[in-house]
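Chain order of the listed sequences is A and B. Under the working numbering, the very last position in the first sequence is 179; numbers go up by exactly one each time. Under the working numbering, the very last position in the second sequence is 331; numbers go up by exactly one each time.
Keep in mind that the hints were calculated from the coordinates and are not lab data. These numbers were taken from a predicted model, which means no experiment stands behind them. Incorrect hints may have been included.
Stated by the list, open to error - In silico lysine-lysine, PhoX-like type, Cα no more than 20 Å apart, as pairs:
1) Lys166/A to Lys291/B
2) Lys112/A to Lys229/B
3) Lys129/A to Lys149/A
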Amino acid sequence: EDQVTQSPEALRLQEGESSSLNCSYTVSGLRGLFWYRQDPGKGPEFLFTLYSAGEEKEKERLKATLTKKESFLHITAPKPEDSATYLCAVQAGGNKLVFGAGTILRVKS
Amino acid sequence: DGGITQSPKYLFRKEGQNVTLSCEQNLNHDAMYWYRQDPGQGLRLIYYSQIVNDFQKGDIAEGYSVSREKKESFPLTVTSAQKNPTAFYLCASSLQEYGYTFGSGTRLTVV
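Using the sequences plus the hints, can you model the full thing?
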């Protein structure tokens, strides 16, 4: 059974304090790993797709990396507007995505 | 602009009542999905459809029903058989192996 585990469940940072979110997965035949950002009461917003171990992608203060067992979302010098829930999902067979429970990030100024 | 529209944003259901959540997309995506989100849990798949007039059960289909009569539309009915329907419902669509585009969600509350 495909599984995704995200840690920590919640993370509080001071503005400018860099950190990383973890996404561990077990899947037979990974076809893609996805990161989404979700603001309260809204639908998830796509951030990145990673396809193979060693791949990295960046967008503003965010950088996603992928190994054979996990993915990290690195946040460099975060700002209060980066506060959100970050969701990780894996795609194995078919088009279905399996999601983790998410990490709630709060950045205080 | 292309996107996914979910309506209503808020919905209240009485005990024993069926309610239908709307999901419409103009992205020309083939596949559509319904997920349920509860606090502290990941998104759980209810139903999905990869082509018109065909759909499959997800992990938590009991108490729900769907139809896919048009490519653009994938409504979800929450029936009286769903004993704990209070949740945030998300509709998504995708084109083949690419990631999902999500709607803005419907929050359903039992009153």
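task = Could you work out which earlier hints the structure fails to respect and list their numbers in ascending sequence?
result = none
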